[in-house]
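One letter stands for each residue in the lines below.
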Amino acid sequence: MIQHILRRTLRSLKENFSLNLVATGVIGATVLLAGVYLSALQTLDRVVESWDRDAHVSAYFQPEIEVELRFATKDQITARQEVATVSYVSEEDAAAYLSERVEEVGPILEELGPEVLPASLEITLSQGHATPAEIQAFVDSIDGPPFEHVDYGQDWVQRFHTFLTLLRGLGLVLGVLISLAAIFLVGNTMHLVAYARRAELETMKLVGATWGFTALPFALEGCVQGLIGGGMGLLGVYALHQVLVARLEDALALALAGAELSFLGAGWAVLLLGASVLLGVCGCLWSVTRFWRKAP
Amino acid sequence: MIRLYHIDKRYGDHQALKDVNLHVAKGEFVYVTGPSGAGKSTLLRMLYGALKPTGGKLLVGGVDASKLPQKRLPFLRRNIGVVFQDFKLIPNRSVADNVGLALEVLGTPRAEIDRRARAVLNVVGLAGKEERMPQDLSGGEQQRVAVARAIVNDPAVLLADEPTGNLDGAMAIEVMEILMSINLRGTTVLVATHDAGLMKRFPQRTLRFEAGRLVSGQ
Ligand SMILES: Nc1ncnc2c1ncn2[C@@H]1O[C@H](COP(=O)(O)OP(=O)(O)OP(=O)(O)O)[C@@H](O)[C@H]1O
Ligand SMILES: [Mg+2]
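If you're matching them up, the sequences are chains A and B in order.
Position 264 (the first sequence) corresponds to 264 in my numbering; numbering is contiguous.
Position 83 (the second sequence) corresponds to 83 in my numbering; numbering is contiguous.
Please keep in mind that the hints were generated in silico from the structure rather than gathered at the bench.
From the three backbone atoms N, C-alpha and C, an ideal C-beta is built for every residue, glycine too.
The reader is advised that the hints may include incorrect statements.
Claimed, not checked - Short derived list, chain B residues pointing at chain A, Cβ under 8 Å:
1. Ala50
2. Lys52
3. Pro74
4. Arg78
5. Ala102
6. Glu104
7. Val105
8. Ala119
9. Val123
What the hints assert, rightly or not - With the C-beta cut set under 10 Å, the calculated list includes, among others, these residues of chain A facing chain B:
10. Gln3
11. Arg8
12. Leu10
13. Arg168
14. Ala199
15. Lys205
16. Trp211
What the hints assert, rightly or not - Here chain A is said to cover these stretches of chain B; the calculated rule only asks that three of the stretch's residues, wherever they fall, bring their Cβ under 8 Å from a Cβ of chain A:
17. 82-96
18. 106-115
Let the hints inform the model, and build the full structure from the sequences given.
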């Protein structure tokens with residue numbers, strides 16, 4: 001029985017070579033699109049993560065605060081679990097830092113005296129506590145005396161998060177649409193395969209073939225399409241990744257803030273391959289079942 | 001083997017069979033005749049489960065074919081060989097493959113399929129044409145391939161719809177002799193035909209239909 005089914009599968013793959021090629025191509029293109037989208041999203045995620053990792057808060061002391069209190073405050077904040085590092089920057093450190101960066105201000109600062117810049121605590125939050133909401137909560141919790149004000153690059157991090165959420169949502173909608181289109185296309189391509197063999201399907205049913213015996217070769221055909229198409233799609237994503245890494249990494253290094261352009265992980269690759277096999281199998285079963293129902 | 005009780009069949013508002021009651025015993029050879037449109041093919045289609053009656057009850061080998069769920073249908077058909085009016089041969093498949101299909105669906109091993117297909121093609125006089133494609137055969141040869149496929153798995157019932165329709169006199173007689181010999185081996189045979197000459201030459205019980213009614217032969 002298995003022998004017959006395998007023979008039928010091979011024969012159909014051979015006889016409907018071009019149609020199978022089309023179905024495989026459709027699956028491949030779908031996987032390529034999904035793979036590129038997922039890779040891009042992953043890369044952006046890593047970028048954001050790398051920014052979040054350095055979620056950086058500057059808390060400026062009021063000028064009249066005693067040095068002992070400043071250090072006590074520093075110890076208090078260091079003890080908090082969401083805080084990774086805290087360093088104290090005195091008025092002098094700040095002035096030195098600034099004049100080092102911007103030469104022209106050196107003389108002006110000397111004129112005005114070092115106290116013109118406030119002392120501050122430079123706080124880095126640990127990675128697990130670096131969502132915009134958490135940063136905001138942290139800032140709120142320490143805002144007020146002894147600090148003059150507390151500062152972080154909240155605005156654009158927040159905006160980028162919103163953008164990413166939007167991108168994810170958009171991707172999901174697009175993904176669903178593309179998958180539906182792919183199912184439809186594969187289904188219709190397989191419909192042509194089944195159509196080309198409708199006489200055979202009908203005759204098989206008339207001489208007592210079961211649905212399973214008739215449909216299994218088609219399911220296997222779809223499985224082959226899914227494996228080859230999905231594999232090609234993943235190869236395409238990988239090739240694209242290699243090309244982009246070679247050509248663009250330098251240009252992107254700045255924007256990516258050190259995060260690597262990421263290729264889909266093994267998990268996603270397997271998931272996409274599984275999805276394309278499912279797509280092939282479902283497309284094939286769907287079309288053969290349509291003809292099976294109609295046959296007398 | 002075959003029992004019909006008050007069978008009705010309508011297509012829309014056209015009544016193709018009206019209150020047909022019938023009993024065919026195991027091993028019988030029966031003609032189904034009547035003018036074109038009388039309902040002969042309709043009766044045969046109901047026997048192999050391609051049509052459901054709109055009323056009445058229909059038993060084939062003890063199985064109620066009128067209430068058979070789709071899932072059970074293949075198992076009914078494996079006991080019924082059918083020679084279709086339009087042959088239903090698969091193009092682009094060799095004669096041997098076409099005949100072997102009826103065994104393939106049972107899961108018969110390849111070697112045995114080949115052996116039995118060859119043997120049965122020999123019986124219908126097509127030895128040496130196993131690897132031909134159906135479209136490269138004459139109408140009469142195609143008809144005999146259809147007969148070969150119907151009998152290759154030794155069915156309990158053989159239904160033949162106009163099996164001599166495309167054959168000249170000598171060939172028609174040959175096919176009839178094949179059907180007779182199948183019948184002699186114990187298969188119940190129903191042959192739908194118009195051919196009065198043939199029925200005269202091979203006299204058998206004859207069911208005559210007119211406008212959907214069984215008018216003689218019960
Ligand atoms: N699918 C269908 N839909 C509607 N009417 C049908 C259908 N099949 C058959 N009929 C009608 O039912 C009647 C019986 O048809 P059937 O095919 O059984 O005749 P028949 O006795 O086999 O004729 P023939 O000798 O020409 O083969 C005919 O009038 C035919 O037009
Ligand atoms: Mg007919």
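- Of the numbered hints stated previously, which ones are contradicted by the structure, given in increasing order? 2, 8, 9, 12, 13
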